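Asks: From first to last, the protein sequence lines stand for chains E and C. Numbering of the first sequence is given in my numbering, commencing with residue 291 and proceeding in unit increments. Numbering of the second sequence is given in my numbering, commencing with residue 2 and proceeding in unit increments.
Any given hint could turn out to be false.
Here are the simulated DSS-like pairs of lysine-lysine, each with C-alpha atoms no more than 27 angstroms apart in a straight line [stated by the list, open to error]:
1) 255/C with 514/E
2) 86/C with 314/E
3) 255/C with 534/E
4) 314/E with 250/C
5) 534/E with 310/C
6) 534/E with 291/C
7) 276/C with 538/E
8) 359/E with 308/E
9) 538/E with 283/C
10) 538/E with 291/C
11) 308/E with 250/C
12) 255/C with 538/E
13) 190/C with 538/E
14) 310/C with 538/E
Derived list of chain C stretches under chain E, where covered just means 3 residues or more per stretch with a C-beta under 8 angstroms from a C-beta of chain E [as the list claims (entries may be wrong)]:
15) 68–74
16) 128–137
17) 140–151
18) 277–284
No wet-lab data here; the hints were simulated from the structure. Everything numeric in this text was worked out from a predicted model, so none of it was measured. Idealized CB from N, CA, C, for every residue including glycine.
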Amino acid sequence: MKIVATFKRVPTTEAQAKVGGDGKTLDPAGWQYMASFYDEIAVEAALQTKEKHGGDVTVLTLGPSEASKEVREFLARGADSGVILKDADPAARDPRWTAKALAAKVQALGADVVFTGRVATDRDNAAVGPMLATYLGWACVTEVVALEISGAAGTAQRETEHGVETVAFSLPAVITCNKGLNEPRRPNLKGIMAAKSKPIAEESPSDAGAQAVVLSVELPPARKAGRIVGEGLAGVPALVDALKNEAKIL
Amino acid sequence: MSTILVFVEQSHGAPRRASLECLSAARATGLSVAAVVAGEGAEQAAAGLGAFGATRVVALTGAARWSADAVASDVAAVARELGAKAFLASATSTGKDIAPRVAALLDSTLLSDCTALTAEGGTLVATRPWLAGKALAKVTSTAPVFCATTRPNVFPAAESGGTAEVVSRPASNGGRASVSAVAEKSGGKLDVKEAPIVVSGGRGLRGPENFHLLEELAAAFGSAATGASRAVVDAGWRPHAEQVGQTGKTVSPKLYVAVGISGAIQHLAGMRTSKVIVAINKDADAPIFKIADFGLVGDALEVLPALTKAVAAARAR
Ligand SMILES: Cc1cc2nc3c(=O)[nH]c(=O)nc-3n(C[C@H](O)[C@H](O)[C@H](O)COP(=O)(O)OP(=O)(O)OC[C@H]3O[C@@H](n4cnc5c(N)ncnc54)[C@H](O)[C@@H]3O)c2cc1C
Ligand SMILES: Nc1ncnc2c1ncn2[C@@H]1O[C@H](COP(=O)(O)O)[C@@H](O)[C@H]1O
Chain E
291 MKIVATFKRV PTTEAQAKVG GDGKTLDPAG WQYMASFYDE IAVEAALQTK
341 EKHGGDVTVL TLGPSEASKE VREFLARGAD SGVILKDADP AARDPRWTAK
391 ALAAKVQALG ADVVFTGRVA TDRDNAAVGP MLATYLGWAC VTEVVALEIS
441 GAAGTAQRET EHGVETVAFS LPAVITCNKG LNEPRRPNLK GIMAAKSKPI
491 AEESPSDAGA QAVVLSVELP PARKAGRIVG EGLAGVPALV DALKNEAKIL
Chain C
2 MSTILVFVEQ SHGAPRRASL ECLSAARATG LSVAAVVAGE GAEQAAAGLG
52 AFGATRVVAL TGAARWSADA VASDVAAVAR ELGAKAFLAS ATSTGKDIAP
102 RVAALLDSTL LSDCTALTAE GGTLVATRPW LAGKALAKVT STAPVFCATT
152 RPNVFPAAES GGTAEVVSRP ASNGGRASVS AVAEKSGGKL DVKEAPIVVS
202 GGRGLRGPEN FHLLEELAAA FGSAATGASR AVVDAGWRPH AEQVGQTGKT
252 VSPKLYVAVG ISGAIQHLAG MRTSKVIVAI NKDADAPIFK IADFGLVGDA
302 LEVLPALTKA VAAARAR
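Take the sequences, apply the hints, and build the full model.
Replies: Below, the structure is given as structure tokens:
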């Protein structure tokens, strides 16, 4: 089976937002980067699929050359090869643009299944996975917390606000991975050594162009200073009073 | 007048609140509002949408099973037929499952999880959070159809008292993936994303055995959901579905109560847009107090039962 896991290189969750000089971007000064949280789960799902069904795993990212650090980490965990579709500023792409570039590469790789994250934690689109599947004309199950593939079909569970849905799908498919699907492994020394000789290709992405236009970026208004209403049991009546008379919630 | 099409979710014939909010957001743009509703109960749900501002409603009926790709292709067909200038869905699990596919079928990008939507000189402009709300971007789109999802609990679900022309049409069958079973949550337990009040617990609750104190407080408030910090989810004290934060769910309830939660940047990102924030923590220097409207310094295990009683008493009056 030809298995692809996508990941996006995003600022770490500790990154503070500061508006850039143009008022339309964020200033990346001081940021550190990581593979988006849910993409770790996507890569793990790809590795487990390979372990069960055979085949090979390609990790695919559209991002800067520096993403080779994360690619190397995933190769050390057991992926077979990496592809970087070079783009210095992937966050500037809207989800359609990204999905189209990924779709072209997934098609060229001849993949049977693609694992993506549920959402990338920089622009919070939660859109690239299902858009990718739609451009490919493939099945897609989103926000998956349990997965079973057998032959050319599978079942997946997704958690919604109202309960758990079981979805039957046919391959090829895009699965967007949610927390709970698995626990990502850490690489061992053997994997780290093996990763050194695994291939990472750098290519140019196809370019559909942007449709989203950023007009301005701001920081959210600071919350107005609150107050400590009291301490211990003695503070409870003051808290309830504040909820009732100031917040008008009770 | 150009049309904005809204995908309305429903359950057993009742439109979901998040979708009514989405209809209100659509109506506030001044465009003419059409709605499309699918699944078992679609016709019944369609009948009530005029009151929330839809002037035309298409009910897709008769599908044997729910298939997101089949629904999306039907919805995209309706959008094309109406010549819709914009398409909206709510940023719920179902909305996020459908909307990106509809957008792709219309070869339009998607603006996700918007917290404001305005019409500025004939163009729609959305506000959407970046980095889980650490920044807010104003964005528009040059797509053939302006496609966006709206965050639940942000827009009012206002009745307009109108009526709609409702048409039914057969839904497509045979998607590439379809729902074969649904295990509905027992006892109508609310999800943190939809609940108007969220009561969350962190490591300060000391152990999973103490979370009943939090559930009792949630019950005393009425329509409240229980949430959790990542630390307690990772420890296995609470289910993943309850995690609030940058790598969990982003919530905007009218009241958020953080109990025994320190207020790490990743947690704050997920709840800082709540209308009112209450923090209960035994450490007066905990960062959570910096963004709380009302803070109570104290031991959660001691304070919670008393607070539950006092809230119940205040609501009984
Ligand atoms: C990539 C990444 C993503 C993350 N995503 C998230 C996320 O989505 N959501 C999230 O929540 N976190 C997230 N985190 C984790 C985050 O950094 C914190 O570790 C976590 O939020 C801490 O949880 P906590 O507040 O329950 O625990 P702690 O930080 O240990 O805080 C416990 C608090 O309880 C108080 N306390 C102790 N005993 C009592 C008592 N008896 N009564 C009252 N108060 C008491 C303490 O004073 C303390 O303030 C993420 C971290 C990383 C690295
Ligand atoms: N630039 C990118 N390169 C590779 N994968 C991406 C990229 N952007 C998004 N994805 C994938 O799509 C998922 C959802 O991203 P998004 O729709 O942007 O929230 C991510 O978790 C990734 O798996």
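Asks: None of the hints should be skipped; say for each whether it holds.
Replies: Hint by hint, here is what the structure shows:
1. Taken as a hint, the residue 255/C and residue 514/E pair is honoured in the structure, with Cα atoms around 16 angstroms apart against an allowance of 27 angstroms.
2. Taken as a hint, the residue 86/C and residue 314/E pair is honoured in the structure, with Cα atoms around 25 angstroms apart against an allowance of 27 angstroms.
3. Our distance criterion of 27 angstroms between C-alpha atoms is met by residue 255/C and residue 534/E, whose separation comes to about 13 angstroms.
4. Distance hint between residue 314/E and residue 250/C is fulfilled; the C-alpha atoms sit about 26 angstroms from each other, no more than 27 angstroms.
5. For the hint pairing residue 534/E with residue 310/C, the CA-to-CA distance comes to about 14 angstroms; that is within 27 angstroms, so the pair holds.
6. Distance hint between residue 534/E and residue 291/C is fulfilled; the C-alpha atoms sit about 22 angstroms from each other, no more than 27 angstroms.
7. Between residue 276/C and residue 538/E the alpha-carbon distance is near 11 angstroms, which keeps this suggested pair within the 27 angstroms criterion.
8. Distance hint between residue 359/E and residue 308/E is fulfilled; the C-alpha atoms sit about 25 angstroms from each other, no more than 27 angstroms.
9. With a CA separation close to 26 angstroms, the supplied pair residue 538/E and residue 283/C stays within the 27 angstroms bound.
10. For a cut-off of 27 angstroms, the pair hint linking residue 538/E to residue 291/C stands: about 21 angstroms separates their Cα positions.
11. Between residue 308/E and residue 250/C the alpha-carbon distance is near 23 angstroms, which keeps this suggested pair within the 27 angstroms criterion.
12. Of the pairs offered as hints, the one joining residue 255/C and residue 538/E holds, with about 10 angstroms between alpha carbons and a cut-off of 27 angstroms not exceeded.
13. Of the pairs offered as hints, the one joining residue 190/C and residue 538/E holds, with about 24 angstroms between alpha carbons and a cut-off of 27 angstroms not exceeded.
14. Taking the CA atoms of residue 310/C and residue 538/E, the gap is near 18 angstroms; set against the 27 angstroms cutoff, the hint holds.
15. Taking a C-beta to C-beta cut-off of 8 angstroms, the stretch 68–74 of chain C contributes 3 residues in contact with chain E, enough for the three needed, and the coverage statement holds.
16. Against chain E, the stretch 128–137 of chain C contributes 9 residues with a C-beta closer than 8 angstroms to a partner C-beta. That satisfies the three-residue criterion, and the hint holds.
17. Closer than 8 angstroms: that is the beta-carbon criterion, and the stretch 140–151 of chain C has 5 residues meeting it against chain E, so the requirement of 3 holds.
18. Evaluation of the coverage hint for the stretch 277–284 of chain C: fulfilled, as 3 residues show C-beta separations to chain E shorter than 8 angstroms, against a requirement of three.
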